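With chain A held as given, fit chain B onto it using these hints.
Protein chains: 2
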Amino acid sequence: MVKKLTPMSEDFNQWYTDIIQEAQLADYSPVKGTMVIRPYGYALWEHIQSYLDQRFKDTGHQNAYFPLFIPKSFIQKEAEHVEGFSPELATVTHAGGKELEEPLIVRPTSETIINHMFSKWIKSHRDLPMLINQWANVVRWEMRTRLFLRTSEFLWQEGHTAHQTKEEATKEALQMLDIYEEFTQNIAAVKVIKGTKSEIEKFAGAKVTYSIEAMMLDKKALQAGTSHELGQNFSKAFEIQFSDENNELQHPYQTSWGVSTRLIGMIIMAHGDDKGLKLPPALAPIQVVVIPIIPKNSNPDEILKASTEIKDSLQGVRVELDDRSEFSPGFKFNEWELKGVPVRIEIGPKDIEKGSVVVARRDVDDSKSEVLIENLATEIPELLDTVQNDMLNSSELFLSENTHHVDDMDSLIQQLTENDGFVSCYWVEDKEDELKIKELTKATIRCYPIENTDEKQSVNKADQPGKFVIFSKSY
Amino acid sequence: MVKKLTPMSEDFNQWYTDIIQEAQLADYSPVKGTMVIRPYGYALWEHIQSYLDQRFKDTGHQNAYFPLFIPKSFIQKEAEHVEGFSPELATVTHAGGKELEEPLIVRPTSETIINHMFSKWIKSHRDLPMLINQWANVVRWEMRTRLFLRTSEFLWQEGHTAHQTKEEATKEALQMLDIYEEFTQNIAAVKVIKGTKSEIEKFAGAKVTYSIEAMMLDKKALQAGTSHELGQNFSKAFEIQFSDENNELQHPYQTSWGVSTRLIGMIIMAHGDDKGLKLPPALAPIQVVVIPIIPKNSNPDEILKASTEIKDSLQGVRVELDDRSEFSPGFKFNEWELKGVPVRIEIGPKDIEKGSVVVARRDVDDSKSEVLIENLATEIPELLDTVQNDMLNSSELFLSENTHHVDDMDSLIQQLTENDGFVSCYWVEDKEDELKIKELTKATIRCYPIENTDEKQSVNKADQPGKFVIFSKSY
Chain A
20 MVKKLTPMSE DFNQWYTDII QEAQLADYSP VKGTMVIRPY GYALWEHIQS
70 YLDQRFKDTG HQNAYFPLFI PKSFIQKEAE HVEGFSPELA TVTHAGGKEL
120 EEPLIVRPTS ETIINHMFSK WIKSHRDLPM LINQWANVVR WEMRTRLFLR
170 TSEFLWQEGH TAHQTKEEAT KEALQMLDIY EEFTQNIAAV KVIKGTKSEI
220 EKFAGAKVTY SIEAMMLDKK ALQAGTSHEL GQNFSKAFEI QFSDENNELQ
270 HPYQTSWGVS TRLIGMIIMA HGDDKGLKLP PALAPIQVVV IPIIPKNSNP
320 DEILKASTEI KDSLQGVRVE LDDRSEFSPG FKFNEWELKG VPVRIEIGPK
370 DIEKGSVVVA RRDVDDSKSE VLIENLATEI PELLDTVQND MLNSSELFLS
420 ENTHHVDDMD SLIQQLTEND GFVSCYWVED KEDELKIKEL TKATIRCYPI
470 ENTDEKQSVN KADQPGKFVI FSKSY
Chain B
20 MVKKLTPMSE DFNQWYTDII QEAQLADYSP VKGTMVIRPY GYALWEHIQS
70 YLDQRFKDTG HQNAYFPLFI PKSFIQKEAE HVEGFSPELA TVTHAGGKEL
120 EEPLIVRPTS ETIINHMFSK WIKSHRDLPM LINQWANVVR WEMRTRLFLR
170 TSEFLWQEGH TAHQTKEEAT KEALQMLDIY EEFTQNIAAV KVIKGTKSEI
220 EKFAGAKVTY SIEAMMLDKK ALQAGTSHEL GQNFSKAFEI QFSDENNELQ
270 HPYQTSWGVS TRLIGMIIMA HGDDKGLKLP PALAPIQVVV IPIIPKNSNP
320 DEILKASTEI KDSLQGVRVE LDDRSEFSPG FKFNEWELKG VPVRIEIGPK
370 DIEKGSVVVA RRDVDDSKSE VLIENLATEI PELLDTVQND MLNSSELFLS
420 ENTHHVDDMD SLIQQLTEND GFVSCYWVED KEDELKIKEL TKATIRCYPI
470 ENTDEKQSVN KADQPGKFVI FSKSY
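Those protein sequences? They're chains A and B, same order as listed.
Residue numbers for the first sequence follow the numbering used here, so the first one is 20 and each next one is one higher.
Residue numbers for the second sequence follow the numbering used here, so the first one is 20 and each next one is one higher.
In case anyone wonders, no lab produced these hints; they're calculated from the structure.
For clarity, every value in this text was computed on a predicted model and none was experimentally measured.
Incorrect hints may have been included.
Given that identical chains are not distinguished, each listed pair holds provided it fits within a single copy or across any two copies.
Claimed, not checked - Mimicking DSSO-like on lysine-lysine, the simulated pairs with C-alpha atoms at most 27 Å apart in a straight line are:
id, residue 1, residue 2
1, K294, K142
2, K324, K76
3, K294, K139
4, K51, K96
5, K51, K139
6, K51, K142
7, K330, K76
8, K238, K221
9, K51, K91
10, K51, K255
11, K142, K23
12, K23, K139
13, K213, K475
14, K226, K492
15, K117, K91
16, K450, K239
17, K185, K486
18, K351, K190
19, K213, K238
20, K475, K450
21, K51, K117
22, K226, K76
23, K315, K51
24, K387, K486
25, K139, K351
26, K23, K294
Isolated chain A (complex conformation):
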């Protein structure tokens, strides 16, 4: 049954939760803070995985699997890392009916165990670069949770690499950031800003954290993926050494990078409306739904036959025929709109007479058009491309319309207090200044965008040039 969603304008958070439940993307689980990903939500994750996994392999990475449990002592080896994760750890103390001698941590991320293994596997420069990825579940105990965005357990991929030089590691970290951008923009149709994190926001144990930042429809930022240069922090802590061409022992330079099921939250919040989800065609588990319209006194067999023929003619398109007899067309329209299917085809007796169907787009309102049945096999794939492009364009427009530039501290604070959206300015990296802004406005530095390398008079230090930066409230 399609229940009325809370309107987005009334309560964005409730709208988000309603969609997830009503479109059956996920459900609450009996264990506080964890969730069940239902088949429709998991199908989205499978499409995300399949695209990224191929790109990782194209760029020379191999998948592997490392244990869920990590000795407590491992987590403690890298000082910043343990500080960053300690409050969120889940600990196994008993197993096989006995108390364990050393408690085991359920991995919050696998840097420590992977680097322990790297120290066994990496001996020579010939073993480098080592380019490993893992698809896995991780656990970070969260007090305030939200489906997909922040749950105590989530699914992700984590890449871990080791290189001979700092330059190679930098190149790798940026390459993976580019792949994430390519995914969010070309597949998820969400415009992102690529940039460098401030000291406060960077990953515990990293030298540099890069991220992609997207704007949700409530104008808050969502960090959609991160890529880290770890320098030699972990290779020193875990004693990873290789003999270089001159037979001298060196510590490799490393990276790690990840995206998670949080991307599903991003897709919901970047595209939806009061009717439900809007899925970009490249990701939609169902791209086209065919709905037969069967008035009383008409011949259902003829209409169902035509519907089936249309379905079968759309080779290479993920198409579903909704021939359920117990529901009205209107009910079905609502349900498939809720589920965000990009294109709907309606076909009734009058359409058949004319040799055409009605085609409706989900991404824009009131977009019905008539298409000749004989043209569907060429026009539908084209239309799916158009929808995909238009969705990205509209995400891009929304981001630019809701980004404001300011030139002084008062305007920065005022803008962040009075309006939602991104605020750009020039800024000199300074922990205390950033924390002050956060305290006053709840906004933080999302990133120093990579593409803008200008330096101009900063808003926070008199007579000092700063870097271009984006502030925003965020998820």
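Here is chain B on its own, set in the frame of chain A:
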């Protein structure tokens, strides 16, 4: 470096462990009883997943994801289930810096949490059948562990379904067993026996457990996959009810079924030899390796060019060119034999003159043949099919040669004591008799084969007909 493997005949267990380490399939992890699956081993798992996942989807199943942590009270709801798993559970007692009110179990299998969710999702007969699969990690604390075969954490898939009738559930359980058989025989090239487990060996909480049983090269049995009819055990324990066509509340009938990374152990032990792995082409991450032979005084560029052309001509084949200059051809032969690559192509200056190459099969010894370069694109795929078929045939032959039939109790015990291999006989299901055999011989009932429905005078009960059964020692 290719280290000498322990010969199979000398110490089968050590041979198995050596192969896994030397072929870099897996490595020991610092947490006792758990393992790291290295890229070459994980690539095998990806091929297993990709085949099975497609077959599950073809037969109407959808993937979903359920939480890793299960409330302790859930495990206790089904009486036999808790008894079966209690000794193996790992328990999280602390999380987020606090002691938990109710300890959480790290899932040993997900029956309980999935059925809890089913009780929320299943309301009407229209919601049935519910056909769900999950790819996940599970934890069963093991005292004696062996890489891939028995580790405290392993990867698997677990299908969970609910149906209106017992007949439908039986059909489903048998359908999934058939898919497992199809995989092991057509893809993994391992002959299996499909059958029903005895009471002692069935899954905790099931009404009937079906399994496929394979014979390893040491003539021990390996249970390669199981499919369970759960009856209404869990639907009653978790209060899953649907209203049927007459609006009456009913408990659905259920199944669950799974295979795990243990399949990788099966592939190693069913096919290998003293040189290493033998991978069936349908599963091999690399199906063909091209090795250029570059004698002194020859032109390496010409040979490498011809090698690259051969590689590029083998469209649709997973082929790798080993152009490493630091290793000799002999070293490379050993390494790729160790890694079980089904077909090797050697190409040197004399071959180029003749317009041919030398092709060697991994599955049989001394199988070198000359093939014209212009014929490779057709002959190599055919050869891969031949290798695939021959490997299954040889597995089938090995199984039949090492299965013996007995007609009385003394012969059963003698055969199981003195020889390895499978022993068949007619048997009346009886727990005490089976335990007696186990005590005397370490062998257990592997299954009552489905295909043999004869009933004849049993070996364990005077004047009582029994069912056809297979006894064997097992992993």
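Looking at the structure, which of the earlier hints fail to hold?
-> 18, 23, 24
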